[in-house]
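In terms of the numbering used here, the sequence shown opens at residue 49 and continues consecutively.
There's no promise every hint is true.
[Stated by the list, open to error] In the DSS-like style, the derived pairs of lysine-lysine whose C-alpha atoms are separated by at most 30 Å in a straight line are:
1) 90 - 118
2) 103 - 90
3) 103 - 118
4) 118 - 108
5) 108 - 90
[Unchecked claim] Restraint-style ranges between C-beta atoms, simulated for each label pair:
6) 83 - 110: 21 to 29 Å
7) 120 - 93: 16 to 24 Å
8) 104 - 78: 51 to 59 Å
9) 72 - 120: 25 to 33 Å
10) 54 - 79: 20 to 28 Å
No lab work stands behind these hints: they were computed from the structure.
Just so you know, even glycine gets a beta-carbon here, dropped at the ideal spot from N, CA and C.
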Amino acid sequence: MGLPIGIDINGLSTEHQQRIRVIGLDAWMDEQSRPVPQPINKPRRTWRNCVQCGKPFLAKRADARLCSPKCRVRAVRYPQERPACNT
């Protein structure tokens, strides 16, 4: 693929020059104009109290309510009760 007359790519890095020669100037310009994906900002872990046993725990998710799988099972089996958790 040839370059349009009057276009000089010598000022670009060698990797960009090679890419232009492989895919063409228009396709390379389209690649360069795409927005750069921004990193996802994860919320920080926060301390919460388990709704089943009341024990404080470090929540990995913003919507975490239970401290352990044991409390999750108890919350499903005994929705009204709040038995003590030994985890």
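A quick look at each hint next to the structure:
no.: 1; hint: 90 - 118; result: 26 Å, holds
no.: 2; hint: 103 - 90; result: 24 Å, holds
no.: 3; hint: 103 - 118; result: 13 Å, holds
no.: 4; hint: 118 - 108; result: 17 Å, holds
no.: 5; hint: 108 - 90; result: 10 Å, holds
no.: 6; hint: 83 - 110: 21 to 29 Å; result: 26 Å, holds
no.: 7; hint: 120 - 93: 16 to 24 Å; result: 18 Å, holds
no.: 8; hint: 104 - 78: 51 to 59 Å; result: 52 Å, holds
no.: 9; hint: 72 - 120: 25 to 33 Å; result: 56 Å, violated
no.: 10; hint: 54 - 79: 20 to 28 Å; result: 21 Å, holds
Checked against the numbered hints given earlier, the structure breaks only hint 9 and satisfies all the rest.
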